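One letter stands for each residue in the lines below.
2 protein chains.
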Amino acid sequence: MELVDTGSAMQASDETFADAYEARQAIRAGRWRRHTSGLTPAYVQGNLAILPLALASDFMRFCQSNPKPCPLLAVGQPGNPQLPTLGREIDIRTDVPAYRVYREGVLEDEMPDLKLLWQGNLVTFVLGCSFSFEHGLIDAGIPLRHVAEGKNVAMYQTNIQTVPAGPFHGPMVVSMRPMKAADAIRAVQITARVPKVHGAPVHIGDPSLIGIADITRPDFGDAVRIAPDELPVFWACGVTPQAVVMAAKPALCITHSPGCMLITDMLNRDLPFA
Amino acid sequence: MELVDTGSAMQASDETFADAYEARQAIRAGRWRRHTSGLTPAYVQGNLAILPLALASDFMRFCQSNPKPCPLLAVGQPGNPQLPTLGREIDIRTDVPAYRVYREGVLEDEMPDLKLLWQGNLVTFVLGCSFSFEHGLIDAGIPLRHVAEGKNVAMYQTNIQTVPAGPFHGPMVVSMRPMKAADAIRAVQITARVPKVHGAPVHIGDPSLIGIADITRPDFGDAVRIAPDELPVFWACGVTPQAVVMAAKPALCITHSPGCMLITDMLNRDLPFA
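Chains A and B supply the protein sequences, listed in that same order. First residue of the first sequence? That's 1 in our numbering, and the numbers climb one at a time after it. First residue of the second sequence? That's 275 in our numbering, and the numbers climb one at a time after it.
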């Protein structure tokens with residue numbers, strides 16, 4: 001099983017686009033094949049999971065039951081590659097820079113589009129990602145250690161169980177950001193307003209209380225320094241549904257490649273009201 | 275200097291009233307001379323401070339600059355004992371069960387009303403108190419240790435400095451409630467919605483970071499147990515303005531007696547929208 005890594009926001013890009021639509025056109029035309037973090041930063045980006053119809057109902061129920069790790073932004077109609085609620089003319093077969101194809105939970109291929117792979121029984125799921133709330137935290141003047149250190153955010157398996165649905169079950173994966181207490185309090189308030197991108201933290205403080213034995217050794221991403229006057233603050237992470245889906249070994253699952261997200265027409269600033 | 279203790283909500287009373295107005299009439303008539311915690315629990319109760327006009331402007335500015343410890347619910351017109359924005363026919367000279375009179379910062383007297391003491395140069399300040407947000411926490415199913423243990427909440431001097439205004443300056447006093455992390459996260463969200471009653475916490479975790487040397491020895495109130503899986507959560511406390519006012523040694527200052535609050539016509543449930 002290989003985990004898709006949601007990456008972390010705020011990396012600079014050397015190209016800019018006027019809006020999400022224009023960025024998607026560049027991606028569709030093959031002019032942008034890299035990660036999307038920092039690209040059109042005003043817009044909400046989403047994690048992608050595409051599953052066969054036979055599993056779609058259970059996965060939708062799994063997301064509905066576990067909204068913090070699996071905040072659903074949109075679900076496509078079976079076989080329909082459009083996502084009109086997320087953006088103008090989105091075609092999920094072409095509008096993500098790179099895709100990964102898993103069969104029975106094993107990574108089989110990486111490809112620039114799904115034109116040949118698309119079938120009438122595929123259902124698209126787009127889930128909120130932490131790029132959006134990291135923008136909110138940075139806008140509020142809360143420093144993010146992994147951004148300052150140029151690293152990927154630290155992620156951990158926990159002993160927090162998700163609510164199972166059909167073949168989908170497993171522990172929650174969390175991301176951790178060390179903060180001073182005053183910033184942690186503000187971060188709770190800021191992220192609580194955006195449940196579509198993981199919402200409020202799931203834990204603050206002692207990592208062992210959620211089954212993390214060694215905070216210096218994340219399961220995914222990079223370790224970051226925690227200062228003596230800081231608390232580790234843990235958010236539900238979009239790696240959770242990816243791990244859960246892979247563990248269920250679906251006949252076919254297609255995701256975005258790490259960091260290569262779907263850029264939607266939703267504005268981050270509108271998320272508190274979404 | 276003697277500190278008025280704001281006490282803690284949720285104590286049972288053996289008498290009930292239909293609403294705040296009726297409770298105030300009983301208090302005014304001398305039929306209720308005790309603390310008001312648990313009395314007409316749907317209604318917001320307020321801390322009282324009455325100061326001479328010469329100090330009123332500085333104190334109002336102090337409250338405005340320090341809204342977390344000093345959330346102003348209302349300021350009376352000089353010499354006017356009514357507070358029409360807080361409740362029908364309130365007369366601050368008679369509608370609090372017991373008053374304390376301080377001169378030059380020293381407790382001089384305790385009295386059942388201010389009929390003889392009232393002067394044309396007195397200005398009334400009513401400040402929000404933690405009774406209201408404790409109701410909100412309990413309504414949300416968050417257990418409060420001091421309530422369970424039948425104690426007063428634990429309060430501590432800190433090294434957090436208030437913003438000074440005229441003669442008013444000094445460190446913030448905080449109240450502490452131990453909570454599991456998940457409850458602490460929810461408590462931040464719940465109390466952030468009610469800035470008129472202290473709002474979100476000012477600190478979570480390591481007490482030494484805000485100058486508290488020994489968490490087992492509160493400066494006011496009672497020590498409570500902190501379980502190994504709990505975080506201490508600290509809120510700005512209404513004892514702060516009381517300590518600051520007493521330290522300024524005003525010629526005259528009148529407060530409510532500990533726990534004997536002004537019951538307003540405001541509903542706790544309306545506080546998030548106030």
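A couple of the hints might just be wrong.
[What the hints assert, rightly or not] Not the full set, but computed from the structure, chain A residues with beta-carbon under 10 Å of chain B:
id, residue
1, Met111
2, Leu116
3, Ala184
4, Ile185
5, Ala192
6, Val202
7, Asp206
8, Gly211
9, Ala213
10, Ile215
11, Arg217
12, Pro218
[Claimed, not checked] Once the Cα atoms are required to be at most 27 Å apart in a straight line, the calculated DSSO-like pairs of lysine-lysine come out as:
id, chain 1, residue 1, chain 2, residue 2
13, A, Lys180, A, Lys68
14, A, Lys180, B, Lys389
15, A, Lys68, A, Lys151
16, B, Lys454, B, Lys425
17, A, Lys249, A, Lys68
18, B, Lys454, A, Lys180
19, A, Lys249, A, Lys151
20, A, Lys68, B, Lys454
21, A, Lys151, A, Lys180
These are computed hints drawn from the structure, not numbers from a lab. From a predicted model like this one, the values you see are computed outputs, not experimental measurements. Here a beta-carbon is modelled for each residue, glycine too, at the ideal position from N, C-alpha and C.
Q: Any hints from earlier that this structure breaks? Give me their numbers in increasing order, please.
A: Per hint list: 1, 2, 8, 9, 10, 11, 12, 14 and 19 violated.
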